[in-house]
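2 protein chains.
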Amino acid sequence: MTRTVAAPASTSALVDEVTRVAVSTVIFSLRRRPDDTCPTLVLPLVRRTRDPFEGDWALPGGWLDASESLDAAASRTLAETTGLMPSYLEQLYAFGDVDRSPTRVVSIVYWALLRPDEAIGAAAEENVAWFDAATLPRLAFDHNDIVEYALWRLRNKAGYSRIAHGLLADEFTLAELREVSEAILGRRLDPANFRRQAEGSGAITPTERFRTGSHRPARLYRYNQDVELADRGPLVIRH
Amino acid sequence: MTRTVAAPASTSALVDEVTRVAVSTVIFSLRRRPDDTCPTLVLPLVRRTRDPFEGDWALPGGWLDASESLDAAASRTLAETTGLMPSYLEQLYAFGDVDRSPTRVVSIVYWALLRPDEAIGAAAEENVAWFDAATLPRLAFDHNDIVEYALWRLRNKAGYSRIAHGLLADEFTLAELREVSEAILGRRLDPANFRRQAEGSGAITPTERFRTGSHRPARLYRYNQDVELADRGPLVIRH
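Going down the list, the sequences are from chains A and B. The numbering of the first sequence is our numbering, which starts it at 7 and goes up by one. The numbering of the second sequence is our numbering, which starts it at 7 and goes up by one.
Worth flagging that the hints you see were computed from the coordinates, not collected in a lab. One or more of the hints may lead you astray.
Copies of the same chain look alike in the list, so a pair counts if it fits in one copy or across any two.
Calculated cross-link-like contacts (lysine to aspartate or glutamate; reagent style EDC-like; alpha-carbon spacing at most 20 Å) [unchecked claim]:
1. LYS163 - GLU205
2. LYS163 - GLU96
3. LYS163 - ASP151
4. LYS163 - GLU185
5. LYS163 - ASP71
6. LYS163 - GLU60
7. LYS163 - ASP232
8. LYS163 - GLU86
9. LYS163 - ASP57
10. LYS163 - GLU188
I would like the entire structure built from these sequences, with the hints used as guidance.
In structure tokens form, the structure reads like this:
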């Protein structure tokens, strides 16, 4: 941005070499199938209705409009393609390999976690379906790589408070929090170790309420508001 | 990317609304002035030789070429403007506010830490100077905001091993590591607390060598190779 390198000699040269900017969004949520004891990490995909990759599934997204910010474009294109409107989208990474699309496209990818009750809207949209994150089909463009990267970031970054805030109701049992962590990590966790770590993290706080039912009463926890989304950082003022 | 929204009706419409992609890079290093006891966090800036913001200082960078990846563009434009060639650049964030430039430009920003001995090249380049990160002038575009965000990320992310690897020689004393941490955080740290935390982090390992000189001998440490740059993640295969 400080020096123009190999500037196009004319407008037509610019058109020949134009790089377009798109936004795509990875939305993770949880589904519990009737026959499953544990929830599964799922994400919504959109079936493409035009070339390239017509008929293939792809991440929700669209082109950046010249009059909107990246954040606004991510929210708009997600709503237009899936009907989903998460309260907060976080920028994940910009993907810009030369051969990731037949034309040159740089995709700014956003991501969000959605609680199961927030994830209902997308079901009604045409050409939208939820997929198990662990068993995706071959997606359009480099979208399998993008989902793989998002999963890696989720596994590395997601602390207890972020998971609880993003994927669980306001109050939850330690067993529910552990099941969510197991769905993200793709492996079982020892209940006693998990309890010790979660309670010691400072990210969740116990309430005086209990969940009762067929099992013995289980204490309900809340996430600690003090540490919620602490890694948004100074950019939060832009939203 | 999955649906074309408000697609340009013709090529000329595309030219009118074209969004261009640039890359910029924030390079942090350390300088110890002759009269200072502690090192200071510094970064190289390039004086702009054309409009917009002619004469102002800006982050090194340039336009994305249609035939190169984002990573390659970041390395190339940094080398062309400053002569610096860090072994590893990490993508930081994409900045795309509508009014950040007179024309519509999305900047993919990279960052890197540079050891003092690696930072020498830039001094010889025309229109390049190193600035104290804490006392920058008013920069071109939104580059003050970008540096502020990079500093915030550095303060939050930089663990002991990353700091040691990025800003110190292969072997260093705990006092040197503490001084670097103080430069990044912008405040003094208690030596005893710092020693305990650094040794307990697992990110650095003691050697059997000592630094001798005017003070009493101080043990030399190395960063722990096992945790080095662990947050590169699966994208490392792309480099």
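Worksheet item: Hint by hint, which ones does the structure fall short of?
Response: 5, 6, 8, 9
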